[in-house]
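Colleague: Use the sequences and the hints to build the structure in full.
In the order they appear, the protein sequences are chains A and B. Here full-length UniProt numbering is used: the first residue of the first sequence is 1, the next is one more, and so on. Here full-length UniProt numbering is used: the first residue of the second sequence is 1, the next is one more, and so on.
Honestly, the hints are just simulated from the structure, not real lab data. Where hints are given, some of them may not hold.
The calculated lysine-lysine pairs, modelled on BS3-like cross-linking and capped at a C-alpha distance of 30 Å, are [unchecked claim]:
| # | chain 1 | residue 1 | chain 2 | residue 2 |
| --- | --- | --- | --- | --- |
| 1 | B | K271 | A | K127 |
| 2 | A | K271 | B | K271 |
| 3 | A | K271 | B | K115 |
| 4 | B | K147 | B | K99 |
| 5 | B | K215 | B | K303 |
| 6 | B | K271 | A | K99 |
| 7 | B | K99 | A | K271 |
| 8 | B | K201 | A | K271 |
| 9 | B | K215 | B | K228 |
| 10 | A | K111 | B | K271 |
| 11 | A | K99 | A | K75 |
| 12 | B | K271 | B | K303 |
| 13 | A | K99 | A | K111 |
| 14 | A | K271 | B | K111 |
| 15 | A | K271 | B | K75 |
| 16 | B | K201 | B | K215 |
Coverage of chain A stretches by chain B, computed from C-beta distances (three or more under 8 Å per stretch; other residues unrestricted) [claimed, not checked]:
| # | region |
| --- | --- |
| 17 | 54-63 |
| 18 | 320-331 |
Every residue gets a Cβ at the ideal spot worked out from N, C-alpha and C, and that includes glycine.
Protein chains: 2
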Amino acid sequence: MASDAEQKETYAATLKSIQEARERISGFAHVTPVFSSCCVNQIARANLYFKCELLQKSGAFKFRGACNAVLSLPKDIASRGVITHSSGNHAAALALAAKIQGIPAFVIMPKNAPKCKVENVKRYGGKIYFSEPTLESREEIAQDVQKQTGATLIHPYNDTRVISGQGTIALELLEQIPELDALIVPISGGGLISGITLAAKSVNSSIRIFAAEPKGADDAAQSKAVGKLLTNSHTDTIADGLRASLGSLTWPVVRDMVDSVVTVTDDEIVKSMRICYDILKIVVEPSGAAALAAALSAEFQSKLQEESLNHIGIVLSGGNVDLGVIGDYFN
Amino acid sequence: MASDAEQKETYAATLKSIQEARERISGFAHVTPVFSSCCVNQIARANLYFKCELLQKSGAFKFRGACNAVLSLPKDIASRGVITHSSGNHAAALALAAKIQGIPAFVIMPKNAPKCKVENVKRYGGKIYFSEPTLESREEIAQDVQKQTGATLIHPYNDTRVISGQGTIALELLEQIPELDALIVPISGGGLISGITLAAKSVNSSIRIFAAEPKGADDAAQSKAVGKLLTNSHTDTIADGLRASLGSLTWPVVRDMVDSVVTVTDDEIVKSMRICYDILKIVVEPSGAAALAAALSAEFQSKLQEESLNHIGIVLSGGNVDLGVIGDYFN
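Modeller: Following this line, the structure appears as C-alpha cells:
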C-alpha cells in the first residue's frame with residue numbers, strides 16, 4: 001500500500017485540480033439541483049438525493065469535463081480545435097464547450113449511436129465523422145482527422161482535465177447535502193467515478209463510494225474481483241453510455257478507492273427509469289438510471305443495513321434518450 | 001365597468017386570500033423551481049421561464065388548491081372526509097392532502113381516466129368510485145357518496161379555497177422572476193388561471209395574462225369571443241386535464257382580467273411535449289405542455305412583437321402521463 005503522498009501523485013486528479021476545474025467552469029456549467037422524493041425513499045428504504053446531471057448543459061455531466069478540458073488549452077492550440085470519439089454525450093458536451101470558445105469540434109461517432117445524441121452534436125455545431133461501432137475504428141478515424149486538422153484529442157474519460165471536471169459534481173453535492181454517507185455513481189470508462197471519488201474522499205474520508213455497472217458490460221466488477229484491469233470483450237446492455245471499459249488513469253482510482261461495484265440488469269435499469277419518469281418527473285437515459293437501479297438492488301439493500309447507510313447520493317448522469325424508444329421500454 | 005372595490009368583492013379570491021393560502025400550505029406544498037433554456041428561448045424568440053408544477057407534490061399544481069381547501073376545514077367537518085369528482089390530478093392531490101391530515105378522501109373518477117392518474121389516487125389512499133365519462137354521471141355519484149359519508153365536496157376548480165391555493169403559484173413566480181411581463185397559463189375549469197390572474201395582477205397590474213386552451217375544448221375562447229359563459233358540448237383533445245368547462249366563479253376573472261385565450265392543436269401540444277422531454281428533460285402531460293404550445297403558436301408569436309413582450313412565465317401544470325402512451329405520441 002502506497003503512502004498518502006505517493007498515492008496522490010499516482011492518481012489522475014487531486015482535490016486541487018478539481019477545485020481549479022470548478023473555478024474554471026463556473027459560469028459555463030450549471031450547478032445542478034438535487035431532488036428527493038418521499039415516495040422513492042419508501043421504495044429504497046433510505047434517503048436518496050438525486051444529483052440531476054441530466055439538467056446539466058448538453059443533457060449530461062459530460063459538459064463539466066469537456067468544458068474544463070477546452071478551457072485548459074492554451075489559445076494557439078485551442079484555435080486548431082478539439083476532436084474526440086464518443087458514444088455521444090461527451091461528443092455533444094465537447095461540441096458545446098468548443099462552440100462557447102469559438103473553436104471547431106470534430107467528432108467521431110459510431111454509426112449506431114442514438115439519434116438524439118447525433119442530433120445533440122449537430123445542434124452545437126460539431127462536425128461528425130461516423131465510424132464502425134468498434135473502439136479500433138473510432139480511434140483510427142480520430143487519428144486521421146487529427147493529422148489533417150491539428151486538433152487536440154480530448155479523450156472521453158482517460159484525461160486528467162476531464163476527470164477533474166467530472167469531480168466537480170462531488171464538491172457541489174457534498175455542499176448541497178453534507179450528511180451523505182454514501183454515493184452511487186454509474187461506471188463506464190471511469191472518468192465520472194474517478195473524479196467524484198477523488199473529490200468526495202478528500203472532503204469526507206469516510207464516505208462510501210459504490211459504482212453502478214450493467215451486467216452486460218461489467219469490466220469494472222471483473223477487474224475489481226481479480227485486482228487487475230480487464231476490458232469488455234463484448235457488451236450487451238441498453239445503457240449505451242456504459243459500454244466503455246476502464247482506462248489506465250481511471251482504473252487505479254477504482255481499484256484503490258471505490259468501495260464496491262454493484263451490477264444491475266437491463267430490467268432493473270428500466271424499472272429505475274420508470275421511477276424517474278413516474279415519480280421524479282425527470283427524463284433519464286438508461287445509463288442515467290443505473291445508479292438508482294443499484295440502490296434498489298438486493299445487493300445494495302443488504303449493504304444498507306450492514307453498514308447503517310442512511311443518506312445516499314445518487315448521480316443521475318444524463319437524460320439524452322430517443323423518445324420513440326421510451327415507449328418500447330415501458331410497454 | 002365596476003369600480004375596483006366592487007370588482008374585488010365580485011371575484012372568487014383576493015390577494016389576501018391567496019397570501020393566506022400561501023401561509024397555510026407552506027411546509028406542505030413545494031416551492032417549485034423555475035427552469036429556463038437557451039435552446040428553448042431560441043425556438044420561442046423570447047425568454048421563457050418554466051414554473052415546474054409537475055415537480056409539485058402529487059405531480060401537478062392541484063395539490064396547492066386541494067391542500068388549502070383541506071387545511072381550511074374546521075376539524076369536526078374535516079373528520080368526515082372530503083370528496084371530489086375529477087379527471088385525476090385534483091383527485092390525487094386531494095387524496096394526498098387528506099392523507100396528510102389523516103382524514104378520508106372519496107374520489108369519483110371517469111372510467112376512462114389515464115391509468116397513472118388512477119394509480120396516483122390509490123397511492124395516496126383515496127377511495128375511488130368510477131363513473132361514466134360525463135359530468136352528469138360524476139356529479140350524481142358524488143352526491144350519493146356525500147349523503148352516505150357526510151364528506152365535504154371540494155370542487156376541482158369552482159371553489160374559492162381551491163382558486164386561492166392555485167394563486168400561490170403567481171406569488172412565488174413573481175418573486176422568483178420579477179421581470180416577467182406576461183404569463184401563459186393552461187385553462188380548463190379555470191381555477192388555475194383565476195387564482196394566478198388575481199394574484200399576478202395584484203402584484204403587477206401591467207402584467208399580461210394569456211390562457212392556453214386546446215382547440216378541441218375551447219369553451220374559454222368561445223366564451224371570451226361572445227362575452228358570455230359557454231360550455232363545451234363535447235371535447236376532442238389529448239389534453240385530458242383541459243376538457244372541463246369554466247365555472248361560475250372562474251368565468252368572471254377570465255372575462256374581465258385574462259387578456260387573451262390562445263388555442264392550440266393536439267399536434268402543437270405534442271411538439272411542445274417533445275421540447276420538454278428533449279431539451280428541458282422533464283416529464284409533462286399533454287395538458288402540462290399547452291402553455292408552451294401557446295407560446296410557440298403563430299398567434300402568440302405575433303403578439304410578442306406587437307406588445308414587445310420579452311420575459312414570459314410559462315406554467316407547466318403537471319406531469320402525470322401514462323409512460324406507454326408517450327412512445328405513441330413521439331413515434
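Colleague: State for each hint whether it applies.
Modeller: Status of each hint after checking the structure:
A distance of roughly 27 Å separates the Cα atoms of K271 (chain B) and K127 (chain A); the hinted pair therefore holds under the 30 Å criterion. Taken as a hint, the K271 (chain A) and K271 (chain B) pair is honoured in the structure, with Cα atoms around 27 Å apart against an allowance of 30 Å. Between K271 (chain A) and K115 (chain B) the alpha-carbon distance is near 17 Å, which keeps this suggested pair within the 30 Å criterion. A distance of roughly 21 Å separates the Cα atoms of K147 (chain B) and K99 (chain B); the hinted pair therefore holds under the 30 Å criterion.
For a cut-off of 30 Å, the pair hint linking K215 (chain B) to K303 (chain B) stands: about 19 Å separates their Cα positions. For the given pair, K271 (chain B) sits about 27 Å from K99 (chain A) by alpha-carbon distance, which is consistent with the 30 Å threshold. Among the hinted pairs, K99 (chain B) with K271 (chain A) is consistent with the structure: their alpha-carbon atoms are about 27 Å apart, no more than 30 Å. A C-alpha spacing of about 44 Å is found between K201 (chain B) and K271 (chain A), which places the hinted pair above 30 Å, so the restraint is violated.
With a C-alpha separation of about 18 Å, the suggested pair K215 (chain B) and K228 (chain B) falls inside the 30 Å cut-off, and the hint holds. Restraint check: the Cα-Cα separation between K111 (chain A) and K271 (chain B) comes to about 27 Å, which is no more than 30 Å; the hinted pair holds. With a C-alpha separation of about 14 Å, the suggested pairing of K99 (chain A) with K75 (chain A) holds against the 30 Å cut-off. Restraint check for K271 (chain B) and K303 (chain B): the C-alpha separation of about 20 Å stays at or below 30 Å, so the hint holds.
Pair hint K99 (chain A) plus K111 (chain A) holds up; C-alpha atoms about 23 Å apart against a cutoff of 30 Å. Only pairs whose Cα atoms come within 30 Å are accepted, and K271 (chain A) paired with K111 (chain B) is accepted, the gap being roughly 27 Å. Simply put, K271 (chain A) and K75 (chain B) have alpha-carbon atoms about 41 Å apart, too far for the 30 Å limit, and the pair is violated. Between the alpha carbons of K201 (chain B) and K215 (chain B) the distance comes to roughly 26 Å, so the proposed pair stays at or under 30 Å and holds.
Using a Cβ-Cβ cut-off of 8 Å, 3 residues of the region 54-63 of chain A lie near chain B, which meets the minimum of three, so the contact claim holds. Residues of the region 320-331 of chain A with a Cβ under 8 Å from some Cβ of chain B number 8, which satisfies the need for three, so the listed coverage holds.
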